[in-house]
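J.: Chains as they are written, first to last, in the UniProt record's numbering: chain A, 1 to 351; chain B, 1 to 283.
I should point out that these hints are in silico values taken from the structure, not numbers from a laboratory. One or more hints might be untrue.
Taking CB as the label site, the calculated pair distances span [unchecked claim]: (1) B:Val-117 to A:Lys-200: 47 to 53 angstroms; (2) A:Ala-188 to B:Met-32: 30 to 36 angstroms; (3) B:Lys-135 to A:Ala-188: 34 to 40 angstroms; (4) B:Ala-122 to A:Gly-199: 28 to 34 angstroms; (5) A:Gly-210 to B:Leu-57: 23 to 29 angstroms.
In this text the structure is predicted, and so the values were computed from the model without any measurement. Glycine included, C-beta positions come from ideal geometry on N, C-alpha and C.
The chain contents come next:
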Amino acid sequence: MMKRTPLLLMSTALAGLAGAAQATEELNALVWCDHTDPALIEPFEAKFDVKVNLREYEGTGAALALLEQSRPGDWDVLVVDGIDVFRAVEAGILAPLPAADLPEADFFPEVVMEANNTVDGTPYAVTEKFGYNTISYNADKVDAADMQDLGKVWSDKYSGKISIYDYYLPVIGLAAMADGIKTTDITAADLPALGETLGKMRSAAASVAGVVAAQTALATGEVDIVVGGGEWLTAVLEGEQPNLTWTIPDQGAVMWSQSIGVLADSEQPDLALEFVKYIVSPEGQARLATSSCFWGMPANKLAGDHLTPDQKETLRWDSQPEYLAKAQLYPAPDADLDIEMQDLWLETLQQ
Amino acid sequence: MTLSRDTLRGWGFAAPALLWTLAFFVVPFVVMGAMSLATMEGRTLIWGLHLDNYAALAQKKYLWRAIIVSLEITLTVTVVSVLLAYPLAWIIAFRVPKRWQRLVLLLSILPFWTSYVVRSYAWLLVLAREGVVNKAMIWLGMIAEPVTLANTRFATVTGFVHFFVMLLVLTIYANLIQLPPNYRRAAMDLGASAFQTFRHVILPLTLPGIMTGAFLTFVLCIGDYITPQILGGNTELTVPQVIMVQLGRRADFPLAAALALVLMGIVTLAYLAFARWLRLDRI
Numbered sequence: 001m002m003k004r005t006p007l008l009l010m011s012t013a014l015a016g017l018a019g020a021a022q023a024t025e026e027l028n029a030l031v032w033c034d035h036t037d038p039a040l041i042e043p044f045e046a047k048f049d050v051k052v053n054l055r056e057y058e059g060t061g062a063a064l065a066l067l068e069q070s071r072p073g074d075w076d077v078l079v080v081d082g083i084d085v086f087r088a089v090e091a092g093i094l095a096p097l098p099a100a101d102l103p104e105a106d107f108f109p110e111v112v113m114e115a116n117n118t119v120d121g122t123p124y125a126v127t128e129k130f131g132y133n134t135i136s137y138n139a140d141k142v143d144a145a146d147m148q149d150l151g152k153v154w155s156d157k158y159s160g161k162i163s164i165y166d167y168y169l170p171v172i173g174l175a176a177m178a179d180g181i182k183t184t185d186i187t188a189a190d191l192p193a194l195g196e197t198l199g200k201m202r203s204a205a206a207s208v209a210g211v212v213a214a215q216t217a218l219a220t221g222e223v224d225i226v227v228g229g230g231e232w233l234t235a236v237l238e239g240e241q242p243n244l245t246w247t248i249p250d251q252g253a254v255m256w257s258q259s260i261g262v263l264a265d266s267e268q269p270d271l272a273l274e275f276v277k278y279i280v281s282p283e284g285q286a287r288l289a290t291s292s293c294f295w296g297m298p299a300n301k302l303a304g305d306h307l308t309p310d311q312k313e314t315l316r317w318d319s320q321p322e323y324l325a326k327a328q329l330y331p332a333p334d335a336d337l338d339i340e341m342q343d344l345w346l347e348t349l350q351q
Numbered sequence: 001m002t003l004s005r006d007t008l009r010g011w012g013f014a015a016p017a018l019l020w021t022l023a024f025f026v027v028p029f030v031v032m033g034a035m036s037l038a039t040m041e042g043r044t045l046i047w048g049l050h051l052d053n054y055a056a057l058a059q060k061k062y063l064w065r066a067i068i069v070s071l072e073i074t075l076t077v078t079v080v081s082v083l084l085a086y087p088l089a090w091i092i093a094f095r096v097p098k099r100w101q102r103l104v105l106l107l108s109i110l111p112f113w114t115s116y117v118v119r120s121y122a123w124l125l126v127l128a129r130e131g132v133v134n135k136a137m138i139w140l141g142m143i144a145e146p147v148t149l150a151n152t153r154f155a156t157v158t159g160f161v162h163f164f165v166m167l168l169v170l171t172i173y174a175n176l177i178q179l180p181p182n183y184r185r186a187a188m189d190l191g192a193s194a195f196q197t198f199r200h201v202i203l204p205l206t207l208p209g210i211m212t213g214a215f216l217t218f219v220l221c222i223g224d225y226i227t228p229q230i231l232g233g234n235t236e237l238t239v240p241q242v243i244m245v246q247l248g249r250r251a252d253f254p255l256a257a258a259l260a261l262v263l264m265g266i267v268t269l270a271y272l273a274f275a276r277w278l279r280l281d282r283i
């Protein structure tokens, strides 16, 4: 065994070099972490004999800044928050997509989101994945019935046992729902009242956490509830801790979505388009939905044929009609309202 | 006027460092200064001489609060780290036999060998309600129910102190071992007690080491994003955290640059406060 180890290492290294040498083309994609799962990328690389270079980012602002600082042609594909596609189009960085190549007829109709992905009748991106910012909780520690009412979630009963997802848009959306305001109708005039609701939420919270910290807090028992959580937070934990689950309260949940498009100055637009087509194909969608980074519903309904019954159960596949009916769109403020919302959020955190 | 060969040689030796400083400090600093005077109209960056971002510092309470939180955490960490590091450095310098000192120093900086991020997450687990600390306190009968330690300022300070004590031990130890033993003996011979010897002889002579380590702790701590983000649970925000929020979604680089310059201003003031004792030749 000892003698074989160097041989194995050498052959592995050579195989790696050979693999790299075999790929005749490279595709550069600016993505969210769910696209970095080899199980998603490798089938495309093998089929097109291409090496896909992936770079993760957080926050549309960071992605746009990175693209601005890059040379034209450096990047081929962009994954972006559904509500921010228009910002990428305004910045002139997305190329139009041929509508005929997009299998949107197979999508859940609610997530085609033409208003997000199309500008002046031209599609620039396509929805690839969606889910909910809602309530994740530990079923062993809290009363599931209480989780159906947002007001009870951040009541005194659960004070100190809550973590809030650290992103102002969905959390303000949930606060709006609790106050009976539609997420699409939020205006600057609503912010003082929303500030009070956020204040109640904040005073009941032990932490305001990003994805990993929120998962850790829930998994270690630091908190029992994550406001703004959802399938994307608990699905990867469910195997080991089936008591960690999620629900959509009676008031509803905020639906998040992510879109994918081809960059306008890509030097290999055809290959980039093939990548987009692969991602929204039933097989690509099933792999993306169950990515090791985070799970979420595939936009393409036909992905269901490639998912196991257990995976579909974790994703609550059969409940989607009910959930989609209760879900509201992500708040999509204009630039000025966005500043006011972010200021409100930061004021709330600093209380 | 012609430059002598020695002068030219001197410039030649200094040139790489000067170019490095120019490229990676002066130019970025000027760009950041210019950026802090730009403004955002909607989502468009407008260059110019605008003071909006500095005015925001006066108008937005959460920005002021971030500065105060940063200062409070940094000062606490600096003081606690010094108080913990000094006795440790003293023991290593004067109580541990010479042949073991290198090994003990190595052990004392062992945590440096692990990733900063991993170490922060490890502290999160240690301080969790179901973590080692809570379990130990319950087992010892100190508490009946787990208490909240993670996601607090206490957790942030603990994570920082764990890191910076190692740094301070090195600077203080380096200072202590340079002290000739005769100084202590002379003080004792002249009738000084152990405390008086420490207070009037040892402490003044080791101040450069303490202050150098304290200044480094101050600078690194006030600009750190990782530790408060992971351990603080966003229950309060420091300046680096607020800077990151400006960049993440809205890409408000002008306000982020203004906040970064405010941080630099605070560090400059700290340097002026520490400068009297910052004598690198003494450590």
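J.: Determine for every hint whether it applies to the structure shown.
T.: Status of the hints after comparison with the structure:
1. B:Val-117 to A:Lys-200: 47 to 53 angstroms: violated (33 angstroms)
2. A:Ala-188 to B:Met-32: 30 to 36 angstroms: Since the Cβ atoms of Ala-188 of chain A and Met-32 of chain B sit about 31 angstroms apart, the hinted range of 30 to 36 angstroms holds.
3. B:Lys-135 to A:Ala-188: 34 to 40 angstroms: violated (48 angstroms)
4. B:Ala-122 to A:Gly-199: 28 to 34 angstroms: Given a distance of about 33 angstroms, which is inside 28 to 34 angstroms, the answer is holds.
5. A:Gly-210 to B:Leu-57: 23 to 29 angstroms: Because 26 angstroms falls inside the window, the suggested range holds.
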